[in-house]
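Protein chains in written order, with UniProt numbering: chain A, 1 to 428; chain B, 1 to 428.
A portion of the hints provided could be inaccurate.
No distinction is drawn between identical chains; accordingly, a pair holds when it is met within one copy or between any pair of copies.
Unchecked claim - For lysine-lysine, the following BS3-like pairs were computed, each having C-alpha atoms within a straight-line distance of at most 30 Å: (1) Lys185 / Lys48; (2) Lys258 / Lys30; (3) Lys375 / Lys90; (4) Lys258 / Lys19; (5) Lys19 / Lys96.
Calculated from the structure, these hints are not laboratory results.
Number of protein chains: 2
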Amino acid sequence: MEIGIGLFGLGTVGSGVVKILQDNAEQITKRTGAHLVVKQAVVRNLAKQRTGFRQNFPITDDPNDILANPAIQIVVEVMGSIDQAYTIIKQALTAKKHVVTANKDLIASRGQELVAIAEANGVDLFFEAAVAGGIPILRTLSTSFTADEISRVAGIINGTSNFILTQMATNHLSYHAALKLAQEKGFAESDPTNDVDGFDAAYKLIILANFAFGIQPVMSDLTIQGITGLTDADIADANSFGYALKLLGVAQRVGETKDAISIEVSPQLVPFTHPLATVNNENNAVLVNGESVGEVMLYGPGAGEMPTANSVLSDLTNVATDLALNTPGRPFNSFNQNIDLAKPSQRIARRFIVIEVDDTPGAMYSVTGMFAAAKISFTDLKQTPAANGIARLVALTHPASDAQINLIRTTIRNADGINLAAEYKLFS
Amino acid sequence: MEIGIGLFGLGTVGSGVVKILQDNAEQITKRTGAHLVVKQAVVRNLAKQRTGFRQNFPITDDPNDILANPAIQIVVEVMGSIDQAYTIIKQALTAKKHVVTANKDLIASRGQELVAIAEANGVDLFFEAAVAGGIPILRTLSTSFTADEISRVAGIINGTSNFILTQMATNHLSYHAALKLAQEKGFAESDPTNDVDGFDAAYKLIILANFAFGIQPVMSDLTIQGITGLTDADIADANSFGYALKLLGVAQRVGETKDAISIEVSPQLVPFTHPLATVNNENNAVLVNGESVGEVMLYGPGAGEMPTANSVLSDLTNVATDLALNTPGRPFNSFNQNIDLAKPSQRIARRFIVIEVDDTPGAMYSVTGMFAAAKISFTDLKQTPAANGIARLVALTHPASDAQINLIRTTIRNADGINLAAEYKLFS
Numbered sequence: 001m002e003i004g005i006g007l008f009g010l011g012t013v014g015s016g017v018v019k020i021l022q023d024n025a026e027q028i029t030k031r032t033g034a035h036l037v038v039k040q041a042v043v044r045n046l047a048k049q050r051t052g053f054r055q056n057f058p059i060t061d062d063p064n065d066i067l068a069n070p071a072i073q074i075v076v077e078v079m080g081s082i083d084q085a086y087t088i089i090k091q092a093l094t095a096k097k098h099v100v101t102a103n104k105d106l107i108a109s110r111g112q113e114l115v116a117i118a119e120a121n122g123v124d125l126f127f128e129a130a131v132a133g134g135i136p137i138l139r140t141l142s143t144s145f146t147a148d149e150i151s152r153v154a155g156i157i158n159g160t161s162n163f164i165l166t167q168m169a170t171n172h173l174s175y176h177a178a179l180k181l182a183q184e185k186g187f188a189e190s191d192p193t194n195d196v197d198g199f200d201a202a203y204k205l206i207i208l209a210n211f212a213f214g215i216q217p218v219m220s221d222l223t224i225q226g227i228t229g230l231t232d233a234d235i236a237d238a239n240s241f242g243y244a245l246k247l248l249g250v251a252q253r254v255g256e257t258k259d260a261i262s263i264e265v266s267p268q269l270v271p272f273t274h275p276l277a278t279v280n281n282e283n284n285a286v287l288v289n290g291e292s293v294g295e296v297m298l299y300g301p302g303a304g305e306m307p308t309a310n311s312v313l314s315d316l317t318n319v320a321t322d323l324a325l326n327t328p329g330r331p332f333n334s335f336n337q338n339i340d341l342a343k344p345s346q347r348i349a350r351r352f353i354v355i356e357v358d359d360t361p362g363a364m365y366s367v368t369g370m371f372a373a374a375k376i377s378f379t380d381l382k383q384t385p386a387a388n389g390i391a392r393l394v395a396l397t398h399p400a401s402d403a404q405i406n407l408i409r410t411t412i413r414n415a416d417g418i419n420l421a422a423e424y425k426l427f428s
Numbered sequence: 001m002e003i004g005i006g007l008f009g010l011g012t013v014g015s016g017v018v019k020i021l022q023d024n025a026e027q028i029t030k031r032t033g034a035h036l037v038v039k040q041a042v043v044r045n046l047a048k049q050r051t052g053f054r055q056n057f058p059i060t061d062d063p064n065d066i067l068a069n070p071a072i073q074i075v076v077e078v079m080g081s082i083d084q085a086y087t088i089i090k091q092a093l094t095a096k097k098h099v100v101t102a103n104k105d106l107i108a109s110r111g112q113e114l115v116a117i118a119e120a121n122g123v124d125l126f127f128e129a130a131v132a133g134g135i136p137i138l139r140t141l142s143t144s145f146t147a148d149e150i151s152r153v154a155g156i157i158n159g160t161s162n163f164i165l166t167q168m169a170t171n172h173l174s175y176h177a178a179l180k181l182a183q184e185k186g187f188a189e190s191d192p193t194n195d196v197d198g199f200d201a202a203y204k205l206i207i208l209a210n211f212a213f214g215i216q217p218v219m220s221d222l223t224i225q226g227i228t229g230l231t232d233a234d235i236a237d238a239n240s241f242g243y244a245l246k247l248l249g250v251a252q253r254v255g256e257t258k259d260a261i262s263i264e265v266s267p268q269l270v271p272f273t274h275p276l277a278t279v280n281n282e283n284n285a286v287l288v289n290g291e292s293v294g295e296v297m298l299y300g301p302g303a304g305e306m307p308t309a310n311s312v313l314s315d316l317t318n319v320a321t322d323l324a325l326n327t328p329g330r331p332f333n334s335f336n337q338n339i340d341l342a343k344p345s346q347r348i349a350r351r352f353i354v355i356e357v358d359d360t361p362g363a364m365y366s367v368t369g370m371f372a373a374a375k376i377s378f379t380d381l382k383q384t385p386a387a388n389g390i391a392r393l394v395a396l397t398h399p400a401s402d403a404q405i406n407l408i409r410t411t412i413r414n415a416d417g418i419n420l421a422a423e424y425k426l427f428s
């Protein structure tokens, strides 16, 4: 059986898809029973030179060359952008073509609608490559943890920010030097906002939360904090307490009866002994905690041409299997339920807190009084000598809720001579 | 739709399966569309007290109560043993019942035959729980790396030996003290041979190699070395060079054109910076290297009642899906090909070598002469002061083949006053 593929986009991932399809054609046919053949690619810029694969298919700039081509059963969308990709995917699904996409922004924001269109048309819509590059986390969540109650899905799901934090921690680079290195190595865009402010991780976390809990969060449901405010001193202090500082995406059940979900992207302190602390540079990892299975972690490359292309290929071979068995149209994730979002009072964790305070008599007494009033108590405390008349106080606290932290933030904001320089959760 | 389940075995894993089916019944039905109901359990010892679940099904000791029960569509075999399990699984498959088993010994030794029987009868035979407990590695290999060429699958796949090695390395216990602790904690049997001599890992590696490379190795194809010969001094020396000592199962393509497979269970030195080095105590991890995807690692609990039961459940829900779609009978692993086993000359790695030599003039000259003759050269060398007139020489070598190592072993065996005390590969 031959299965025709139409490619929207021939950038790094698109080229990788073509290369794997060509290089491993024999193995793919042996394992799926199908010949997967690229019939057409549609690109924005026809003039661009393309290398790394044999070009034995036409390349045009007219979407209809794919959408109206009856020889094409599967559309691969790897061109990025939300609006144009949405239109094309919707048209493809409506034309009863299966769709494989790596577009996390689109799936996170309009996935629910597209999934419904795919179901209505009896075709597959897969997007393994949208989360954590080469790590097969979505298919694993939907096929291997179906019977378990997942209590938490958490991960290092943005390679750019993890690279920057790793370089700051291990090579003692400043944030700006580490960002510059990431840009030189091609891990960061010239405008890194999407990565370093946590939005990219937030899109991926929305998709992970959907697969783990069956919920449909939107961006405004998430607490999102990036890494731009992190300093070398914060990292050094976290290290001295035995923790790595990592940008994590965490979606978890909280509350006494575990009936609410907290979803958050933020820098957190991870104990050096935890597997997540060993995930360095551009690598990603996703941790799944299940009531039955315990703690499982999937680790691997979070981006890159070939790892991401491999996830697209895994989707393509799954469509091929569905075609052979005559079973397409099943949702990638069949899990839907309503769970409330957590209230600030339910989001409880130990904290790493940095306070800068004028080095005057009674200042420390005043600080400790504020925390006592908010019922936040310390487990570890470290004061370093004052520089420029400002003392730096670093503390680890007993568990405290976001509501308590909001209270202390307000108190400190309204006080003179004291500043809450950093506040991060401890991951456990 | 109700799906009837018959359980052979109600030990820890069997009880865990019943517990999850009962506790998560609603979620399982929501996600699979089916009610999975235990109809019957068959055990060896009817007198044994069983707790941890509601016993709302009959327990007998006659296999026919399951095999001849038309209300049972899926047989779960979690009683261990090879011979009796083989007979029961064969009868179940022939009676057109789907089978889920956690029996690694059986699948590793007679899996090929049982898979053929399942296919001929159009029923499923799944065994995710047979390898690495709660880690969903087999389904991942068969659904997410189908289009990739896997170059290596390697892992820490025996929790008992990993617990012992971790305790030796971190708490400086002797081998015997660590084994005793493992037995007290229930991680090791009273006769630990199967775990510490590498046989358990070998069974799992055979199954992993089948899924990764489509080959059908038998036990005699494997090089198997356990951990009983490892000393505290070996571990300390490996650590001092920057490596952890881990019992690994490694199946990889070797040779200039990567056209042969080397399969081996042995202690190896893993760089501290490698993710496998951070896998401690009873945990397991499987590393997959693919030409496209790069390096992916799955980490989690390698044994235990609930993690293993969760893998059985993931198989059960996949059978339920196959029943709903009317697609049972597909092999769990559809990959079959012939690849030659590697020759000793193709098995090349850097080595960690410990030599004990009489502390006499010219002894070291004699040793270095032997290695020069075998064309094995050192990258690191450390000699510690002689105790009882015996000097301990620890070395790391440049890459050397098993053929070269076999040669030097013979040379040393035939020489007086010199002993090859340890020789382990460096994993990279």
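Structure-based check of all given hints:
For a Cα distance limit of 30 Å, the shortest separation of lysine 185 from lysine 48 inside one copy, 22 Å, qualifies, whereas the shortest one across copies, 63 Å, does not. For the homomeric pair lysine 258 and lysine 30, the shortest alpha-carbon distance between copies (19 Å) is at most 30 Å, but the shortest distance inside one copy (46 Å) is not. Taking the shortest Cα distances, lysine 375 and lysine 90 never come within 30 Å of each other, neither inside one copy (52 Å) nor across copies (64 Å). Proximity of lysine 258 and lysine 19 under a CA criterion of 30 Å is satisfied inter-copy only: 20 Å between copies versus 46 Å inside one chain copy.
Only within a single protomer do lysine 19 and lysine 96 lie at most 30 Å apart by alpha-carbon distance; the minimum there is 26 Å, versus 42 Å between protomers.
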